[in-house]
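Protein sequences appear in the order of chains R and U.
Okay, so the first sequence: first residue is 0 according to numbering that gives the first Met the number 0, each after it adds one.
Okay, so the second sequence: first residue is 0 according to numbering that gives the first Met the number 0, each after it adds one.
Just so you know, the hints here were simulated from the structure itself, not pulled from any lab data.
Quick reminder that beta carbons are idealized off the backbone N, C-alpha and C, glycines included.
Just to be clear, a hint being listed does not mean it is correct.
Calculated lysine-lysine pairs in the DSSO-like style (CA-CA distance at most 30 Å, straight line) [what the hints assert, rightly or not]: (1) U:LYS78 x U:LYS112; (2) R:LYS142 x U:LYS78; (3) R:LYS142 x U:LYS112; (4) U:LYS118 x R:LYS149.
If we take Cβ atoms under 8 Å as the criterion, some of the chain U residues that face chain R in the derived model are [unchecked claim]: (5) PHE87; (6) LEU126; (7) THR305.
Chain residues, written in single-letter form:
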Amino acid sequence: MHFSDIFMKLWNAGLIQKGIWETIYMTVISTVISYILGLPLGVVLNITSRDGLHPISWLNKVLGLIVNFFRSIPFIVLMVSMLPVARLVVGSSLGNAAMIVMLVIAATPYVARLVESSLQEIDGGVIEAAQAMGCSNFQIVTKVLIPEAKPALITGGIISMVTILGYSAMAATIGGTGLGQIAIVYGHQRSKPDVTWVCVLLLVIIVQVMQAVGSAIVHRTDKRIRQ
Amino acid sequence: MIELKHLGKTYQTADQRIVALEDINLTIQDGEIFGIIGLSGAGKSTLVRCINLLETPTSGEVLVDGKSLTAMSQPELLKLRQSIGMIFQGFNLLEQRTVLRNVCFPLEIAGVKSQDAKKRARELLELVGLSDRENSYPSQLSGGQKQRVAIARALATNPKYILCDEATSALDPNTTSSILDLLHRINKELGVTIVVITHEMKVIDRICDRVAVIDHSHIAEEGKVSEVFINPTSEIARNLIFPRDRTVLETEGGKRLRLSFDGKTTCGPHIARMILACQAPVSILMANTKELDGVIYGYTIIELPTDPHQSDKIIGWLENSEISFEEVE
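Isolated chain U, as found in the complex:
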């Protein structure tokens, strides 16, 4: 379990004080994939670096399995870092080492014998599907292959946790999917707890169990991905989940509602039923569905007729249905 308690980080430059993180409280449970999403500059990269103390927090505490990192001596901290793997947007492989020796590197640092290290590295290259490239150098690999090597390297010391800092942001959509699938598989098969930092909602809804939304150095909201997805309470989460579409803004001006569907209500011709029951037309402005852990979630944004009588009738009908809804801008 990783616990962040009242974590804060400020940078002092010559003429100003920059607050990167303020009063961050998070608990990451063993075995989950925890997402931290935010726009660039929100503080998410600083936050993930505070977890293994690559950045020293200026206030608060970081606890890993109940032990306080902020209170540790340097040698203890170096030792503990071996149980937290990390992968990066830029891969950060050693360019002058072969793939195999890159994966061996953390084992070398941990003092594992060369023969054992190579054996372990080969197992991991097998796991990430790069057994045939062990003698290649990073410059000979594609971005996706480099990230696979980085994942194998992060797993070498059998870490309990893996931190991913924008691990798929430099990759194309197909490669992103395959890397996310790999991370998901590692989580399920090896039971490794994964912390994912990203600015992309699709990364969160594809693999994460829980998510924290970070905005302007604070946690804006936190919860199960399905809950946050169905009912985002913060402005920033709404913006990330329901991207604003300019063409939507140019319509007749009736009330707009966002209808959210969870696994129970996704299937079924609800809108058609509503129109038939109320005898009133609606416009569908936007709709989307996502699958989270095998359950289909979705939302539809509709515009009600400008006639208040018809509009109230529809709202009345919705209130009696199982569909959750709210008015949107």
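Next comes chain R alone, as it looks inside the complex:
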């Protein structure tokens, strides 16, 4: 099989290798920041709900509304509309830092909902037992809810990461970098299908590796599985 000249040039200049790195880097950083913001948001959504530890109806409604608002905007539209926010936060609406801001804005509400539903899975009896032992609500969150939901939270983390990886390729259309950009600029705009297919293959491999590593971690973490 013969690769096109453009592919060989990109490969020899190390641009494809750089693209792999940029994709992974953007995805991982965005996932981590989304979790740092989404986890507390998800916890608050969970505990302020009607059957939660500390129901606060109005707060739950307001947060739910905000989360749903951002989740209902398609990523590509959200990205364009959030350019000014990116400029405000990182001083530019171009480049990887700006892309990370967009990815975090898009992923945080998603993560919050995943966290909220993971915590909902915890058996009410276990929470009641903790209350009977004199746990405060804060202790229940940090010592019962989060540790008991850990496998589900890690699974949610992997799902979020794969979703963010997908978003990161879209970010290429407005100046993001990574494999998505290479596929669009060289594969699509210069009609070099081999470049596109190599990018597709690399993205598939990255997702598979993330999924496999994640599942292995979940399997090791979850003590409910009989050994």
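Could you slot chain U onto chain R? The hints should help.
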């Protein structure tokens, strides 16, 4: 001592008011095993949750060692809950923690140092007979073992009281017996006061000293287990103690009497003696004996002959004997 005074609990839903408990008055003495029995929906689970205020009563007072829980601030209440252990039908162990760390959990909450907590937890696992399973996870244990871990966990903070909410209802009969024996031993050896909620009479007569029968949100009757067993005064207690047997209903139609025997009268061929003395035959419809604290109690339901002369003779004989009896349906 745990005192419930005029305790009431109602739930308000969108369109109706549900009364779960009404005017409950109970005193649970230190060192006893106190049973609360009732059918499902009678309010017993709500009642036990009112004792540590997992459910907030809507009226009345809960006093533990003279201190009113209903008047306490949240931090005081959390502190007090550490002196009341609780075990549940569903065990409610932390699935992601080992057995040892589950038992350490209440100590962690109470601020005990990790090393001391582990030492205490190991002592308790020894007490419940699970020393060899400290590194197992709950999913690797049987139901009975899980309940033992839950008991060890409930004892970790050296509580004065333990509340058991249908603790044996999910277990098979043999496991139930061993868990009840363990609770009995904890009561005798450690002096822990135990409150047992159940719908099973066998749990009550196996370990409890006193019992309250709860029915439709009210206490129907209360007393020493032997007294309630010999002479239940409420309809609900009779139903729980003397389960109705359909085949019994299909007989000749003479008067039926329930003869109750306490420790003094259990032994001896009383019915044979009665038949010989009265020269009248009786049918034995049902009989049962139970051992409560080393004393054998029993009852026999007999049907008298339809001939009123013979029947009166037997009743006359019984009135002069030590055997207590009453007519039953």
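Results of checking the hints against the structure:
no.	hint	result
1	U:LYS78 x U:LYS112	holds, 17 Å
2	R:LYS142 x U:LYS78	holds, 17 Å
3	R:LYS142 x U:LYS112	holds, 16 Å
4	U:LYS118 x R:LYS149	holds, 27 Å
5	PHE87	holds, 6 Å
6	LEU126	violated, 18 Å
7	THR305	violated, 56 Å
In the structure shown, a violation is registered for the earlier hints numbered 6 and 7, in ascending order.
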